[in-house]
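Spelled out, the chains give:
Number of protein chains: 2
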Amino acid sequence: MEKHSNPINSTELGQVVSSCACFNLRKASRVVTQHFDEILKPSGLLITQFTILVAIARVKSGTINELAEVLVMDRTTLTRNLKPLEREKWLEIELGQDKRTRIIKLTSTGEIALTKAFPLWQQAQNGVVEFLGESRWSTLLLQLAEVTEIHHSR
Amino acid sequence: MEKHSNPINSTELGQVVSSCACFNLRKASRVVTQHFDEILKPSGLLITQFTILVAIARVKSGTINELAEVLVMDRTTLTRNLKPLEREKWLEIELGQDKRTRIIKLTSTGEIALTKAFPLWQQAQNGVVEFLGESRWSTLLLQLAEVTEIHHSR
DNA sequence: TCGAAACGAGTGCATATACACTTAATTCAT
DNA sequence: ATGAATTAAGTGTATATGCACTCGTTTCGA
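Read top to bottom, the protein sequences are chains A and B.
With the working numbering, the residue at position 8 of the first sequence is -3, and numbering never jumps.
With the working numbering, the residue at position 39 of the second sequence is 28, and numbering never jumps.
Be careful, since some hints might not be right.
Note that the list lumps identical chains together, so a pair holds whenever it fits in one copy or between two copies.
Said to hold, decoys possible - Each computed DMTMM-like pair below joins lysine to aspartate or glutamate, with the alpha-carbon atoms no more than 20 Å apart:
1) Lys72 / Glu58
2) Lys88 / Glu55
3) Lys49 / Glu1
4) Lys94 / Glu1
5) Lys30 / Asp63
6) Lys105 / Glu1
In case anyone wonders, no lab produced these hints; they're calculated from the structure.
Put together the whole structure using the sequences plus the hints.
See below:
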């Protein structure tokens, strides 16, 4: 009765490649990340860094935990991702009232970098939307939001 | 006429977070990767490693370049990702006829690891499909395939 | 046939990602 | 008020990702 005491067959292997939710998401991420990084290059920002700066600008200032929550990113990942941004002086990290916390703030240099990068982001974003078409794009965005919710169901 | 000589406004910032193709893809990837890794844990394989082994099993044997093509992954990324798999003896890398190439082959140990991991992959995959529902899932898979095509249009 | 161009793969470097564990500060119950 | 439980954040370690550059091999044209 053990269905998989025998080696995986060719059909099953094909199934994984063609339909694995994780592989196909990661693959699309790789491709789209390269698309954005390519266009953002003149700004000196990677798309991942641009995103973090935007998140900081939105909340004005916040703790690591708060930012990680917004970005749906592991706290320790965020801590390390802040390092290059701090080095470039795009953000500042200061002690909070509660001395366990660190408050992240955008600097004026960071604000300028963000302002310069924004039109490039728009260009890259438009590239994707135009490539897919408005309708398919809005569907994709919706499904991405839904699949992301799977992490609350644990 | 310079639209963005002024700082980005709050509406624009919100736009990025809610609609950036790259951020939303990467966010979904992070969440779904954790979902798969969690369920695959007993197999000792990460989902990224499982995917690579499947790709190798499918083509029986192939060069780094061929595999990277299939996986839509940078060649140098693949080279490094093979390292832990080689260390665990799940695959072998031998010299090709053309001595510039390396031929990647699954070992019998790798075959066994794959066979054990497959039901877990199915479980994780079914989790996603059931969470979204068949219809939304198939739509998502389709749109992911389409957006991935953006890398040919360069 | 020989030298240049093309090609396959590896390495240096930088960044992204997250789990397990640790440390320091705060909160809260007794 | 004090000690235990909780909380915020950093660090060790491992993997993932890709660009720029290098090195060795093959191919191909003069």
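We went through each hint and held it up to the structure:
{"no.": "1", "hint": "Lys72 / Glu58", "verdict": "within (18 Å within a copy, 33 Å between copies)"}
{"no.": "2", "hint": "Lys88 / Glu55", "verdict": "within (15 Å within a copy, 53 Å between copies)"}
{"no.": "3", "hint": "Lys49 / Glu1", "verdict": "between (49 Å within a copy, 14 Å between copies)"}
{"no.": "4", "hint": "Lys94 / Glu1", "verdict": "between (50 Å within a copy, 18 Å between copies)"}
{"no.": "5", "hint": "Lys30 / Asp63", "verdict": "between (26 Å within a copy, 19 Å between copies)"}
{"no.": "6", "hint": "Lys105 / Glu1", "verdict": "between (48 Å within a copy, 13 Å between copies)"}
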